[in-house]
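K.L.:
Sequence:
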Amino acid sequence: MPTSKLFNPSTSALFTDLYQLTMSQAYYAEGMTDEAVFELSFRQMPEERNYIVASGLDDVLTYLENLQFTDDDLDWLQASSRFSSAFLQQLRNFRFKGDVFAVPEGTIVFPNEPLIQVRASMPQAQLVETFLLNQVHFQSVAASKAARVVIAADGRTVVDFGSRRSHGTDAALKAARASYLIGAAGTSNVAAAKHYDIPAFGTMAHSYIEAHRDEFSAFKAFSREFPETTLLVDTYDTLEGVRRVIKLAERLGKDFQIRAIRLDSGNLDELAKESRRLLDAAGLQGVKIFVSSGLDEHKIARLVEAGAPIGGFGVGTAMGVSRDVPDIDFAYKLVAYADQPRMKLSSSKLTLPGPKQVFRFHKDDGMMRDIIATTSERFDGEPLLQPVMRGGTRLPAGTVSLKDARAHAVSQLYSLPPAFRRLKPADEPYPVAVSAALQKCTADLQRQLLDNAMY
5 MPTSKLFNPS TSALFTDLYQ LTMSQAYYAE GMTDEAVFEL SFRQMPEERN
55 YIVASGLDDV LTYLENLQFT DDDLDWLQAS SRFSSAFLQQ LRNFRFKGDV
105 FAVPEGTIVF PNEPLIQVRA SMPQAQLVET FLLNQVHFQS VAASKAARVV
155 IAADGRTVVD FGSRRSHGTD AALKAARASY LIGAAGTSNV AAAKHYDIPA
205 FGTMAHSYIE AHRDEFSAFK AFSREFPETT LLVDTYDTLE GVRRVIKLAE
255 RLGKDFQIRA IRLDSGNLDE LAKESRRLLD AAGLQGVKIF VSSGLDEHKI
305 ARLVEAGAPI GGFGVGTAMG VSRDVPDIDF AYKLVAYADQ PRMKLSSSKL
355 TLPGPKQVFR FHKDDGMMRD IIATTSERFD GEPLLQPVMR GGTRLPAGTV
405 SLKDARAHAV SQLYSLPPAF RRLKPADEPY PVAVSAALQK CTADLQRQLL
455 DNAMY
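Residues in the sequence shown are numbered consecutively from 5, following the numbering used here.
Misleading hints may appear alongside valid ones.
[Stated by the list, open to error] Using 35 Å as the maximum straight-line C-alpha spacing, the simulated DSBU-like pairs for lysine-lysine come out as follows:
hint	residue 1	residue 2
1	353	277
2	303	444
3	407	292
4	353	444
[As the list claims (entries may be wrong)] Across the chosen pairs, the derived CB separations fall in these ranges:
hint	residue 1	residue 2	range
5	199	453	52 to 62 Å
6	51	85	44 to 54 Å
7	297	371	47 to 57 Å
8	368	14	36 to 46 Å
9	453	427	40 to 50 Å
10	199	19	14 to 24 Å
11	371	98	41 to 51 Å
If you are wondering where the hints come from, they were derived from the structure by calculation, not from laboratory data. The C-beta atom is built at its ideal place from N, Cα and C for all residues, glycine as well.
My request is simple: use the sequences and hints to build the entire structure.
P.N.:
Following this line, the structure appears as structure tokens:
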């Protein structure tokens, strides 16, 4: 029985939906290769969210820079007997040569605001839809969830612990990056730490304690190898575990360098308070308390509000899979072709036509508002979409380090008015207006399309 080969979808031109390829062949056959403009946005804000954090742009640009069909890809497509020889030759020479505009990674965005705008020949712009949606959707979902956890922690350390229950290896890596982007301190995933150059965090598992003759022996042995580690104290009895850490400190004296204990079960508020009392009484005020165990932003907020003396949180499944909002209705829609605006009239899925810009206004009282406008309009507000790729080559705005993107993301998050930053739904949605010119363009095109539909 053959074993499956390790497959990296991020480097495969075949990571696309079949209809992207069939449409592309039809475009080429019809000579429809004029410039198309597609925009990626989402239609509705989930009830459990007040904002979305744009993420995934770096992967999008890397994909577009390197997109090509290998001989193996073309052989498989030819063997499928679906495609013409002329189209397969087009794919053999395929390279993305379009322009891309985008909001910087970490930017806070709202419904109907374009996160990414692609301008390329129709077949090129169409073909990349699946990958762009896949990457921007998941990473924006993950970053938005992580933002809430960071806000709830109120300055305390947050670490991504979600890899083991993430929906696949790519999701685990991207969730680690997305959480770091918006303010988490790092991840337990070593591959993510290496690949993205972000801090790696790790303690020990209960199995390590269980494998030893007793808990104290385990603590002593592990601290010998890793003197500044965090010790897991709840394998048998949490408070007895804390007392054994104190015993270790007494034995080691000035050589004791343990930085923290970790609580992974029970009433974390009560256990953290009693653990702190024991540690302080033993003169171990420098030993911090780190907790995990099914945490999400709401549980963290309750611990913080209760005054639990906790210095950091390891957050796994709830953040890694964004349990409460695992998906958002992102879409990649044609808004112009051959210099003419295009729009969709489907019920509940009407789109705004033409290439657009988003302007953000910051008021003196800390409030904010946005205007979605045509690209020909100018307002005093901050234009959010920037040119990040021209002719298939990255521009400086598309070559931003994760460190700089993180600084932008955190600044964006804390510049939001408090009503939108809090965990519960805001009383009123964030104000986003459509400019008069864009409203007129929409109404005119809608009438034109409806008139044409009658004939």
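K.L.:
Work down the list of hints and note, for each, if the structure agrees.
P.N.:
These are the hints, each one checked on the structure:
1. 353 - 277: Violated, at about 52 Å.
2. 303 - 444: Violated, at about 47 Å.
3. 407 - 292: This hinted pair holds, its Cα atoms lying about 26 Å apart.
4. 353 - 444: Roughly 18 Å separates the two Cα atoms, so the pair holds.
5. 199 - 453: 52 to 62 Å: violated (46 Å)
6. 51 - 85: 44 to 54 Å: Once the Cβ atoms are compared, 47 Å apart, the range 44 to 54 Å for residue 85 and residue 51 holds.
7. 297 - 371: 47 to 57 Å: violated (38 Å)
8. 368 - 14: 36 to 46 Å: holds (44 Å)
9. 453 - 427: 40 to 50 Å: Because 42 Å falls inside the window, the suggested range holds.
10. 199 - 19: 14 to 24 Å: Check passed, 19 Å falls within 14 to 24 Å.
11. 371 - 98: 41 to 51 Å: holds (47 Å)
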